[in-house]
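We have chain D already, so just place chain H on it with the hints.
There are 2 protein chains.
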Amino acid sequence: MTAYHRLTARFTRIATVNEAAAMLGWDAATMMPPGGGAARGDQLAVLAGLAHALLTAPETAADLAAASSSGEAWQDANLALMRHAHTRATAMPADLVEAQARANSACEKVWREARAAADFARVVPQLTEVIRLVREQAAALAPALGLSPYDALMDGFQRGIGSADVAPVFAAYETFLADALPRAEAIQAARPAPQRPAGPFAEATQEALCRHLAEAAGLEPAHARLDRSAHPFCGGTPTDVRITTRYDPEDFGRALLGVMHETGHALYERGLPAAYARLPVGEAAGMAAHESQSLLIEMQACRSDAYLSWLAPLLLERFGGDPAPYHPANLGQLWRRVGRGCIRVDADEMTYPAHIILRFRLEQALVAGELAVADLPGAWNDGLRALLGITPPDDAQGCLQDIHWYDGAVGYFPSYTLGAMAAAQLMAAARRVLPDLDAALGRGDLRPLVAWLRREVHGRGSLLGFNDLLRAATGKPLDPADFTAHLTARYLT
Amino acid sequence: MTAYHRLTARFTRIATVNEAAAMLGWDAATMMPPGGGAARGDQLAVLAGLAHALLTAPETAADLAAASSSGEAWQDANLALMRHAHTRATAMPADLVEAQARANSACEKVWREARAAADFARVVPQLTEVIRLVREQAAALAPALGLSPYDALMDGFQRGIGSADVAPVFAAYETFLADALPRAEAIQAARPAPQRPAGPFAEATQEALCRHLAEAAGLEPAHARLDRSAHPFCGGTPTDVRITTRYDPEDFGRALLGVMHETGHALYERGLPAAYARLPVGEAAGMAAHESQSLLIEMQACRSDAYLSWLAPLLLERFGGDPAPYHPANLGQLWRRVGRGCIRVDADEMTYPAHIILRFRLEQALVAGELAVADLPGAWNDGLRALLGITPPDDAQGCLQDIHWYDGAVGYFPSYTLGAMAAAQLMAAARRVLPDLDAALGRGDLRPLVAWLRREVHGRGSLLGFNDLLRAATGKPLDPADFTAHLTARYLT
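One line per chain: the protein sequences are D and H, in this order. Just so we're aligned: 12 in the working numbering is position 12 of the first sequence, and the numbers increase by one with no gaps anywhere. Just so we're aligned: 166 in the working numbering is position 166 of the second sequence, and the numbers increase by one with no gaps anywhere.
Be a bit skeptical, because a hint or two may be false.
Covered stretches of chain H, going by a simulated chain D footprint (3 or more residues, C-beta under 8 Å) [stated by the list, open to error]:
{"#": "1", "region": "4-17"}
{"#": "2", "region": "29-41"}
{"#": "3", "region": "215-228"}
Derived from the structure by calculation, the hints contain no laboratory data. We put the CB at the ideal spot given by N, CA and C, even for glycine.
The following block holds chain D by itself, in its conformation from the complex:
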């Protein structure tokens, strides 16, 4: 058995432990009674510690030192990714890994109560501990990776992109938005307001429809579940994907489009190269790459005129009532509407990057120690005012709205907007390659698009870095111009 083969066996074992943890994380968000929270935190901490111990064992270092390039691209990429994971892990003390898992779990639990009560003070002690540990994590990782502390955190979500790449893209977008948003609002205001379908819409009907659409997009029920959670997500494993949503009885669009978003994530997991399952090169290429897939399905495909022309009569059939609001043009205006709102997950695609820019700047300040957790609500509200000219009525609609920081995920937020930009770029490329794409979408048929994504993105796993993946699929590295062109075509013409 060669050093490389011993490494693949070891990384397979690590990935299998992480699969167990992923399932327990899904359970905690969907099924677990509240009294199970403390024990669940311990379980996740112990599994994280065991995976960390496997990764940092002396045998792993010895095999990594002994293994050499094979000249085969997948194997070499796999080995490089193993080295990268090992570098990240050995930079982190085992007790810090366990302390983070425990603190994140405890904080997430209190966050659920704090958000329900719009009471930020309630979670300050837990979030302070989470951020303190995140700063320890960043300080430990930065020298090992040769990155700044914040970039060392970003690297954990999307390799090869740092704040120096992101900051100018975001600054340019801020400039674009300052011009585009008032213009889009004016165009919108000059039209009659779209009509909302009249609710309430039974949860069971919404759920059945969500299942139908996810399956029609290619998500197989034998390998996936749809459940409910406070914050929608896609979890589980490639052969057992677990997506979640929440249902608004007055607005079926939230769950429906949310489920299509998570379906985009789920299709990515389902399309990863099975031959490299449980190996680093067989994983998704990063969080920005993942978000490009969810936004491509939700924003680019499902909100297109073509798809809506197929969806609208189906919705009318399921929900009944006055047919006027179900006209495709009306649904298009309803679901492609700009506006200045406080909630990130409800934001339209034009203002969404403003929410990300806010979080990107605040989390950099938290990591740098320039912003105290107790001062977060004020900084949040100031920042949102500067970007969108609005102020949250309470912290539940402000700095308490997202799970990420409360679960220890700092450096993740930029991925959303990088993903939105990549989604536009991939869709533009797919249109060039698939001339009948709109005709297929007009039949509710996502198969040609998903087949192209499987070939160009999903099936490549982590063989290529983010920009190389885009170059292979679209002929160029990340180019925000496709995103602003998409927004201009959709909202400014």
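Below, chain H alone, put in the same frame as chain D:
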């Protein structure tokens, strides 16, 4: 840090890994899409392997050798149980542990299909492999424990009881049954047949009622869930208990009494001593002890005249319809009815031991290599004919009916009848100590009974062995006379 304290830290870690596995096992039976089965088998195998590695690490052996008696009963019992677990684990090669986890998971999956199709041949290859590995397991354990191969398996479910204790108790029961069953049938036949409440009964109504009764018995929703599975069970962890059932639209009694049975298990888990959580001495005292708790709640308490007098009007209120079948006396006759049936889990308490005696003898023969898996259906049908004079119409109602063997659990079945006997003995003792017990049951109030069980059984964890636990709670070791007295009073007078 003393050797004993290092051991407690290590065993806590092992128990936490096992908690994760318990949750994944629950998920596999209740939530998992079928396509997740292969990956789940790997996950359970890897977790079992990691727990085994922690238990068999050289440091564990060194600390066990160094640790000495403290003179404190709980600590000494804990240490003795750690030694016992270590002896069992070191006798088992790590690759056998993983192979069993994998084979059991694969077999259980095929069993679900085979049972649905009443096609034993479909699962023969998988069950043959499971039994082959069980025999390897028994051969590895027997010399280390100084027990026969079959007793070494039994020891894994209930310490301190072997086939030499069980065989004469079972032989005596066979004699009792040969006389008692025809007499009970004759008494029953001389009465008018009880009326069945007319269905169908909506699953949602049944489920809500099951939840209500479980909660009324003291199972807190903050620490428990009720879900559906093909085979009812109680899983999860002491702070997050997961019970399951299945609903028959024509007979609400199956789910209702089944849920009270699982509630008995769940209350035991909830009542274990929290100060010794995740330590061997803080665990339940064994499977026979566990079954005594489920049967005490289901058979002794919930099927009593007193409890039924409270339950009957509640059932009528929930299900409506003709009130006559809801008379407590009618429900009593319906739910305390002897009969010769093929299905163990549907058996009345008098014939149930016959099903156990059958399995006890067959699994001894399988382990001894005297019975081939392919010959199981014939041996099963011959055995049932000899004990109850009936023959299963197909293998789904014969040797395919129970999950146990297909999941690698051999040596478990005797625990059911030992538990039934212990339940009668504990109930007799509780009646002596709690003179108002029937009055409380007549108000649907299980709290005095559960409080007594908590003190006398649950709260003792594994401090005492099975017979010592019964002696502490009832003044004598296991005495089958309380069980036959209970049956005589209920069915022969």
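Here is how each hint holds up against the structure:
Figure legend: the region 4-17 of chain H, annotated as covered by chain D; annotation consistent (3 residues with Cβ-Cβ distances under 8 Å, at least 3 required). Counting residues of the region 29-41 of chain H whose beta-carbon sits less than 8 Å from any beta-carbon of chain D gives 9, enough to reach three: the coverage restraint holds. With a threshold of 8 Å between beta carbons, the proposed coverage of the region 215-228 of chain H by chain D holds, since 6 of its residues qualify and at least three are required.
When held up to the earlier numbered hints, the structure conflicts with none and fits them all.
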